[in-house]
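Q: What follows is the residue order along each chain.
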Amino acid sequence: MLKINDLHARVENGTPILKGIDLEVKPGEVHAIMGPNGSGKSTLCQVLGGRDGYEVTSGTAEYLGEDLFALEPEERARAGLLLGFQYPVEIPGVKNIYLLKEAYNAQRKHRGEPEADTFQFLKLVREKLQMMQMDESFLHRAVNAGFSGGEKKRNEILQMLVLEPKLALLDETDSGLDIDALKIVSDGVNKLRSADRAIVLVTHYQRLLSYIEPDFVHVLSDGRIIKSGDKTLAEELERSGYLGIIEEAA
Amino acid sequence: MSANALSQHYAEQVRQIQDGLPPELPEWLAGRRRGAAQRFAAAGFPDPRQEEWKYTNVRPIATKPFATAEAVVAVSPETIAGLAFEGLDAYRMVFVDGRFRPELSDLEGLPEGVVVRSLSDMLGGEADRLEPLLGTLSHDRFSSFAAANMAFMSDGAVIMLGKGVRVERPLHLLLVGSAGSPAAWHHPRVLVQAAEESEVTIVEHYADLDGASGFTNTVTELRAEAGAQVRHYLVQDHADSAYHIGSVFVQQRRDSRVTSHNVNLGGRLVRHDLNIDLTEPGAEIELNGLFLVGGRQHVDTHTRVHHSSPNTTSREQYRGIGQGHGRGVFKGRVLVERGAQKTDAQQHSANLLLSPNAEIDTKPELEIYADDVKCAHGATVGQLDETSLYYLRSRGIGTEAARGMLVFAFADEVLERMELAPVRTSIERRLAARLPQAGVMEVFT
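Taken in order, these protein sequences are the chains called Z and G. Read in the working numbering, the first sequence has 238 at position 238, and its numbers run on one by one without any break. Read in the working numbering, the second sequence has 47 at position 47, and its numbers run on one by one without any break.
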């Protein structure tokens, strides 16, 4: 599904941040990418999302057999790659329901399907709201405007549940969550799990992984994946810290 | 002599006022009109060298020979219905080329204690009731156009509410310009007198028939007595070739509350002056404004809020959107007098430039002579937020649609303060149609 090959990237005209990432993600798999601050986690997410201001200097990323970097951010999303933001953006004046409907229809249009009927669409959204324990009033509030940290993250997952990505890339979705919100968000992510969908969790802390069990864990340090393993690697990290693993790999 | 001194054409019109006012006109009114004509002749048209007119050159108006509208243009009720706000249940007064048209109006069922009549009608029989109201709030210190309005006054609306009278349905004043030839200037005047504890919503709405290129020069005088509540909508939706200058004068007494919604969508050259005087404690004004300038439009708004009494409040939010070669101006003055302690004044002006050729000037001006006050202001001119744009695109929304959503949202934050949903919806539709992403905006309106 996603195949990253020797990826090097930097902030435009800045110093190199990603220094040779290799990663393959297959349908049905859940990967966790863990790393300390400054290891390149967010840069990797933004580069895969297609944000302006980041520059791929070498290497490739193939998504569903296509060159990912040739696609605009909206084309990536329509093709099923969705990025959950570490800091979801507040957009005053744009109601949640408008964003959801516009995004949902953009995807349908991309697949050559007719636009969703409003009634059916609302029914679908209400179902997903319930999963995220969100009140219907959320739909009529401006996107993330004045939301608490937990509400913002729940809103990200709500969008995922509605848009049903093929590959969900979650950037520090657990940051800033209290234990109750973490549980709701994790439940939401677990509902996304399926045999034809892949999930990549990017996180600093192990605690998210006790709710969402990954198939693979990768440790990112200084722009490279220095170690990969199964979920026991996360437990090892918890015991010896990043420093232990980094020293061991060096 | 100022650069905008009256051309021979206008000097002749002034002479006609000074020598030829009808003899049946009450003396007080004839005196006021002649005086105004004299002041207009002496001042000429405003000049960009005057501070208050620094950003707006009215030469295009001063050099055109606008005529006095004579002919009565036939307009069908269907045409009027097409210009009115869809779904707005309101009393309606229609003016065409500045003249009241009773056959197109509907004032059926007004409650007791309310007078809604045309100015010409009132002047016919009850002129003396107008003596304390007409031209006693308006002045021409900032704009000689206000003097021209008084001098050439054609017709207008008189709205008088008795004590404690609440008018539930809004009152829609629809002032329409025709494509008459030669292009004419009109000088309508709106007088509002809201007595103690009365309540009313007035929608002052300017629109045009196809091809209009006239000049509307209006003055509104609004008095809100103690505890009165007045919601005043000023919707300027002229044809792109039309000219519009409007001066609004508001005087508020104790605990009165006025809400002003000032929306500018059309017009070639437009200028508004809103002068608010909060003269007694507890008086409160909310000023909401939105303008969209595209093509070669020029829209200038000056607001002046005068806190002359303690415990008065003003909340002001103006937003502007510039596209094409559009030019927008917002200047907001807040004056807090020495005795006006506990004044609470907030002003915010936010502007969005969508094209490199558009220009918006915004200038807050605070003058505070009291020491125990809460005053805040902010002004921004910027472009669409890149992060928001990226966020929407990352959800699969195309760049153009995302831009449209953000521009629309920016404008809607002002419009959503309107209580009259049909007015708001209609403006949203007009707005969406004028944005480059019009097609994708249908879902929101």
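Possibly wrong hints are sitting among the right ones.
To be verified - Simulated pairs of lysine to aspartate or glutamate, DMTMM-like, Cα-Cα distance not exceeding 25 Å:
hint : chain 1 : residue 1 : chain 2 : residue 2
1    : Z       : Lys-95    : G       : Asp-372
2    : Z       : Lys-95    : G       : Glu-419
3    : Z       : Lys-95    : G       : Glu-416
4    : Z       : Lys-95    : G       : Glu-126
5    : Z       : Lys-95    : G       : Glu-386
To be clear, the hints were calculated from the coordinates, so they are not data collected in a lab.
Q: Where does the structure disagree with the numbered hints, that is, which hint numbers, in rising order?
A: 1, 4
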